[in-house]
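Here is what each chain is made of, one letter per residue.
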Amino acid sequence: MPLLKLIGDRLLPAIEEAKNEVSLEDWRANRIAHPDATALVIPNDADIDDLRCDVSGFSAIILEFPAFKDGRAYSQARLLRERIGYTGEIRARGDVLRDQLLYMVRCGVNGFEIAGAASDGAETALQEFSFAYQASSDGATPVWKRRRNRAAAA
Amino acid sequence: MYRYDEFDATMVAERVEQFRGQVARRLSGDLTEDQFKPLRLMNGLYLQLHAYMLRVAIPYGTLSSKQMRALAEASRKYDKGYAHFTTRQNLQYNWPALVDVPDLLDDLAKVEMHAIQTSGNCIRNVTSDQYAGAAQGEVEDPRIWCEVIRQWSTFHPEFSYLPRKFKIAVTACDHDRAAVKVHDIGLRLYKNDAGETGFEVMVGGGLGRTPYIGQTIRKFLPKDHLLSYLEAILRVYNLQGRRDNMYKARIKILLNAKGADDFASLVEKEWAAMDAKDVDLPADEIARIRDYFAAPEFEPLPETSAGLDSNSTKNKAFGRWVRTNTHGHRAPGYAIVNISLKPIGGIPGDASDAQMDAVADIAEQHSFDEIRVTHEQNLVLPHVKKDDLYAVYLALEAAELATANIGLVSDIIACPGLDYCSLANTRSIPIAQRISERFADLGVQEDIGELKIKISGCINACGHHHVGHIGILGVDKKGEEFYQITLGGSGAEDASIGEIAGRGLSSGEVVDAVEKLVGYYRENRQDTERFLDTYRRLGAEKFKEALYAAA
Amino acid sequence: MKAVTGNRLSDGAVVYLTNEDQWTEKFANAARFVTEDGPDVLAAAQTRSAEIADVYLIDIDEEGALSGRAVVRETIRTLGPSVRPDLGYQAGGEL
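Chains as they are written, first to last, in numbering that gives the first Met the number 0: chain R, 0 to 153; chain V, 0 to 550; chain U, 0 to 94.
Bear in mind the hints are in silico, worked out from the structure with no lab data behind them. Ideal Cβ positions, reconstructed from N, Cα and C, are used throughout, including at glycine. Hints should not be assumed to be uniformly reliable.
[As the list claims (entries may be wrong)] One side of the interface only, derived from the structure: several residues of chain U facing chain V at Cβ under 7 Å:
#1 D10
#2 V13
#3 S48
#4 A49
#5 A52
#6 D53
#7 V70
#8 R72
#9 R76
#10 S81
#11 V82
#12 L86
#13 G87
#14 G91
Kindly generate the complete structure, drawing on both the sequences and the hints.
Below is the structure:
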């Protein structure tokens, strides 16, 4: 299970560092029991608007994609970035496929536990589109803003 | 019409190249079918009974002549010389080879067309009123907002793996030709008492195995906030929609489980919490898009046309066609022309390459280069001078496209059914053909008046049977095709879900059954009542009795 | 009895597995398997993912004719759309 990390606009293999993981449920129930926890695992039915704990101290938050079809964590990632303001690593775990990486990155995910063969061409997958229509968590300039900038420059 | 700039063109071209790569990975064995299927579906490519099927998006049903010609050319080059127009204003090719699809898409990209998000659990092609920009009483052209939504929803990173597919329709008239109440989100643009323009937002309509009429969750949304409000609805749905059962995954199930009021408060709460400033388009971008939909330069003309009147008298068939297939236009001296793709005994929605080319030529000459596709599987020439109607009629007649039956008993919606579709239980098209042949006499059809028959070959309801005045649903009974009749449905502003009439009928009995229902209506109608009005006045029981009496 | 069918990956055409382990467009040339062998034969065919999509078993009778619940669907697959006799395998005459 190779781990990839987004560094700048590059997607690079990373050494799997030992993370001390704790589930959201355990953390909320008894955080004193997990003094060394560095990564928080948030299930994909958790309400990010109602986490009832401070997550800013974790170096990573792990979001779950149990099947490629299950897209709840895309919204969770955006909420963590845009509403909670979390700046650490957001890592995608589960059925993480090459052809989904771009959307994950756009939603603020920057760590990927990706199935073996699927990591081939993973970096290419991020470069398949030059523009994006929408503003999202990756800070990409949406097309409407590019149009406006171009018109201003003309 | 909207035209791509370099950004739009680049996005579509890059999507073709991305798909070319995905096809190559599949052909080389790098991707299994299970891995490839969601990728091809997201680009409108299905595997049907006999071959692949490619669904091409026709954004909000608007086409130029050039685009129509490109669609015809692709049908010759990559398919078998015909195509099928669908109930979502799209077009389907029934026989393209997988290896050819990237080239086909490349050809379409050159005329600003694509198959992006025509399938998959994402936001699908936005549909609209086929008379947009031509209709009387329209608040403003709804396609401006459709294009705004098209760009926002294209490759939306957060909403591409929704619990289920997601369909949005927009209308800007009181008379709803876009069936907005049976969409996941229906938007009605109107002017409120204060004179401001905004949207009534309806959510949770839909057909399928659990049909629902959409419910209003916001009476008035200032139009400039459309995208942030949509984003709030989609976020609530993405996070809370059911994913354990695909038949309960549409937003209609979520909305009805929570109740419309509670659902609305979730959306309002999300909307209030989000940072809308980068979601809602600024006024200058909306103005840029709006400019593309400026009305064509209509000539100042008198309301009536002497030539039209005299030709209608001389040529009775033309006169009938004018009555049934044309519609009032906002500009004096102009008319909206409907082109029926329902010839008597024909396949609903199919058009040959030659017919597509003919329509392109006629539109270029007589309709400011514009063509529309309707959700009832017909075509429209939106802006034809009344003085030109006779010439247009003759040209359509020469292309076998002048059947005078719009809105009548033979103007039937039918899904492809078991003749093509791998999900179908029964055939739909042959039933439509036989009903149409039974009522072949156009004079009789005109006397019967508006009657919407809609046929689906399985419970997925692509043929909209739930909202047919007479709906027909095909069901498989131990390997035999049976058909269930529903009565009293409507997909228009008076939307309602049809009621099941009783036991299923064999394929031999269906046409007789329709004839009995129509007969009962003709005997009992009052004044100018339509079939649906008589049904609603007399009630289901009377019609059921007529249907099953002495069968 | 059973036969194995699927759609050819490259163009989606309906094909059947033959006794020679090839794919044929002619239903008449489809290999017949006793029902008990069906699952094994199907499993073997499913491994040929680079040449075929959507492989499954269909019911046939002792004479090799289509039978069972899906007979209307499978008949349409062997022929082509019933509403377009000019298209599909039926258009070529020999099946």
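Minimum Cβ distance from V70 of chain U to chain V below 7 Å? 5 Å, holds
Let me know if the C-beta of L86 of chain U comes in closer than 7 Å to any C-beta of chain V, holds or violated. Given a least distance of 6 Å, the restraint on L86 of chain U holds.
Tell me if S81 of chain U is really an interface residue toward chain V, meaning its C-beta lies closer than 7 Å to one of theirs. 6 Å, holds
Verify the interface restraint on S48 of chain U: the C-beta must sit less than 7 Å from at least one C-beta of chain V. 5 Å, holds
Can G87 of chain U be said to touch chain V, with a Cβ gap under 7 Å? 6 Å, holds
Given A52 of chain U as an interface hint, is its Cβ closer than 7 Å to any Cβ of chain V? 5 Å, holds
Satisfaction of the D53 of chain U interface hint, Cβ to chain V closer than 7 Å: 6 Å, holds
Against chain V, is A49 of chain U within 7 Å by beta-carbon distance? Cβ of A49 of chain U sits 4 Å from chain V, so the hint holds.
Any CB of chain V closer than 7 Å to the CB of V82 of chain U? 5 Å, holds
Chain V contact restraint for V13 of chain U - C-beta distance below 7 Å: Since the shortest Cβ distance to chain V is 6 Å, the answer is holds.
Let me know if the C-beta of D10 of chain U comes in closer than 7 Å to any C-beta of chain V, holds or violated. Given a least distance of 4 Å, the restraint on D10 of chain U holds.
With 7 Å as the cut and Cβ atoms as the points, is G91 of chain U at the interface with chain V? This interface hint is violated because 13 Å lies over the 7 Å limit.
Checked against the numbered hints above, the structure violates only hint 14.
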